[in-house]
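Protein chains in written order, with my numbering: chain U, 111 to 406; chain S, 111 to 406.
No lab work stands behind these hints: they were computed from the structure. Be aware that a few hints might be false.
Which copy is meant is left open, because identical chains are indistinguishable; a pair holds if it fits in one copy or across any two.
[Said to hold, decoys possible] List of simulated lysine to aspartate or glutamate pairs, DMTMM-like, C-alpha gap at most 25 Å: (1) LYS211 with GLU247; (2) LYS278 with ASP140; (3) LYS278 with GLU139; (4) LYS278 with ASP147; (5) LYS211 with GLU390; (6) LYS357 with GLU220; (7) LYS178 with ASP205; (8) LYS216 with GLU247; (9) LYS216 with ASP204; (10) LYS368 with ASP116; (11) LYS278 with GLU143; (12) LYS357 with ASP147; (13) LYS357 with GLU319.
One-letter residues, chain by chain:
There are 2 protein chains.
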Amino acid sequence: MTEAFDLGAYMEERKNLIEANLRPVFPGEDVPEVLFDSMRYSLLSGGKRLRPMLCLATAETFGIPVGKALPAALALELIHCYSLIHDDMPAMDDDDLRRGKPTNHKVYGEATALLAGDGLLTHAFYLLSSPLGVDTERQLAMIQRLSHAAGPYGMVGGQQADLLAEHKEGTLAELEFIHSRKTGALIQAAVVIGGLFADLTALQRQALESYGANIGLAFQMMDDWLDVAGDTEKLGKTQGSDLRLEKFTYPRLMGLEKTKMRAIESVNSALSALEGAKIESVQLTEIAKFIVARAF
Amino acid sequence: MTEAFDLGAYMEERKNLIEANLRPVFPGEDVPEVLFDSMRYSLLSGGKRLRPMLCLATAETFGIPVGKALPAALALELIHCYSLIHDDMPAMDDDDLRRGKPTNHKVYGEATALLAGDGLLTHAFYLLSSPLGVDTERQLAMIQRLSHAAGPYGMVGGQQADLLAEHKEGTLAELEFIHSRKTGALIQAAVVIGGLFADLTALQRQALESYGANIGLAFQMMDDWLDVAGDTEKLGKTQGSDLRLEKFTYPRLMGLEKTKMRAIESVNSALSALEGAKIESVQLTEIAKFIVARAF
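Given only the sequences and the hints, what does the whole structure look like? Please build it.
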């Protein structure tokens with residue numbers, strides 16, 4: 111089964127599906143036009159679509175039709191996309207390039223970029239509160255999870271901690287605090303929310319929590335690794351920008367080699383968690399492996 | 111009954127109740143501290159608390175205990191508060207003073223102000239998806255309404271349109287587009303969400319929609335009016351800032367006198383809507399009248 115699974119084709123197909131559904135995510139009249147243009151500019155400028163892909167792959171693992179989980183998957187991508195727009199702004203990382211294209215504020219100006227981020231963030235909750243054909247208690251649990259993972263106890267708190275740690279030395283515990291929130295929480299939420307579509311045992315839910323947390327950490331470690339060892343063209347963003355900002359990263363703390371080793375260990379822990387709960391999922395297995403094998 | 115109602119005392123009591131409940135709105139550890147300090151700084155720096163007050167007053171009108179509607183009321187204030195932080199930033203209105211105190215970015219810097227706004231916005235949906243003891247379908251409807259009113263079809267779209275209209279002449283229709291979204295949508299949502307706690311007839315719901323829309327418009331007209339005719343000390347913000355930014359406002363379009371007349375007409379329409387559905391509510395009636403009588 112694993113032999114027959116073509117991850118590249120799977121990822122391509124899912125990316126296309128997600129992008130085809132991101133396009134019409136704003137119904138009705140696009141007024142004021144520049145705001146909708148700006149939101150769509152960032153939303154449709156590529157990316158791996160890892161978070162929605164994980165959400166769909168998890169739902170699919172437990173027999174949920176992909177179409178049913180799509181609105182939740184799109185909501186996750188809207189949150190991710192808003193965080194990139196705000197993160198790139200001059201007050202934050204001041205980046206000019208994202209996925210090989212000028213960043214949102216470079217094209218639309220800071221005011222519109224700020225509002226586009228706010229609009230995407232808010233609209234994610236509109237999508238996730240639309241009728242999904244799932245138990246409403248469970249739908250509320252999805253919204254709880256997403257707002258917790260994206261808010262001050264999750265991504266926003268991680269971004270703040272990340273900024274505070276610039277130009278400083280810190281401990282591994284501090285680094286894990288930053289990364290589990292800045293990137294880990296939303297990746298973990300993508301997996302857990304995908305699982306909330308299905309009737310799972312407590313053991314299965316726990317395994318998804320652990321899988322999500324571990325691949326989230328591995329992803330951020332590899333992001334740091336690629337920022338030093340990667341290729342600007344493949345990354346679509348300026349390689350070495352962590353160094354420029356004196357970000358507190360895994361390579362800075364423990365060097366390139368140990369960073370990659372730790373990322374591999376995390377992926378192994380993720381796979382063990384699935385195994386421990388007897389969750390057989392070629393998609394989740396292959397996506398986890400991809401995270402440490404990726405070059406972008 | 112109306113004679114015996116002391117609006118001043120009522121508003122003071124509600125303001126205290128809301129503020130006492132805003133204080134512990136972030137549970138758990140406040141890490142990173144500066145982010146939570148920044149969110150609380152803006153959240154607890156006063157204001158009329160009009161939106162949560164309207165939500166509670168509407169729920170109360172239909173016999174719902176105030177405590178039950180509180181989390182929704184707080185969510186509305188978090189959204190309002192985030193919008194002020196982002197709106198004051200240099201990329202937007204570039205204001206130094208808000209409610210008589212330095213604006214958030216003046217105290218915490220732009221990066222933290224940006225993140226504090228993002229955190230408050232996200233956490234509003236955490237509060238509104240927490241167990242509220244209401245029918246879960248209806249709770250999802252509240253989240254739908256809030257995300258629509260606050261997002262690109264509501265407040266965020268209105269802010270963008272407002273920015274685009276600076277230094278320009280426009281029509282009354284354009285002005286109403288801006289104001290119904292920028293301010294009106296969230297005020298209307300406060301009323302409608304308060305009503306969603308109760309079992310209402312279609313006629314009652316329609317009346318609340320109309321009441322909310324009309325007081326929302328009246329509120330913005332009076333805000334514009336006060337910016338020209340008001341008193342900086344009472345307003346707690348720099349009077350004349352619309353003029354400085356060449357904002358497109360009611361006084362600019364039709365002069366001070368007509369602006370106030372129109373605001374009074376809107377309040378009368380709001381009261382007629384309640385009457386038409388036989389909704390007797392001293393609170394909603396008096397709050398509507400206050401909107402055109404206020405000096406801050």
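Comparing the hints with the structure gives:
1. LYS211 with GLU247: Neither way: LYS211 and GLU247 sit 41 Å apart in one copy and 42 Å across, limit 25 Å.
2. LYS278 with ASP140: Answer is between; shortest inter-copy Cα gap is 21 Å, intra-copy 44 Å.
3. LYS278 with GLU139: between (48 Å within a copy, 23 Å between copies)
4. LYS278 with ASP147: Answer is between; shortest inter-copy Cα gap is 22 Å, intra-copy 38 Å.
5. LYS211 with GLU390: This pair counts as neither: shortest intra-copy Cα distance 38 Å, inter-copy 57 Å.
6. LYS357 with GLU220: both (23 Å within a copy, 18 Å between copies)
7. LYS178 with ASP205: neither (36 Å within a copy, 45 Å between copies)
8. LYS216 with GLU247: neither (42 Å within a copy, 42 Å between copies)
9. LYS216 with ASP204: both (10 Å within a copy, 19 Å between copies)
10. LYS368 with ASP116: neither (29 Å within a copy, 69 Å between copies)
11. LYS278 with GLU143: For LYS278 and GLU143, the Cα distance is within 25 Å only across copies (17 Å; inside one copy 42 Å).
12. LYS357 with ASP147: For LYS357 and ASP147, the Cα distance is within 25 Å only across copies (23 Å; inside one copy 32 Å).
13. LYS357 with GLU319: neither (28 Å within a copy, 49 Å between copies)
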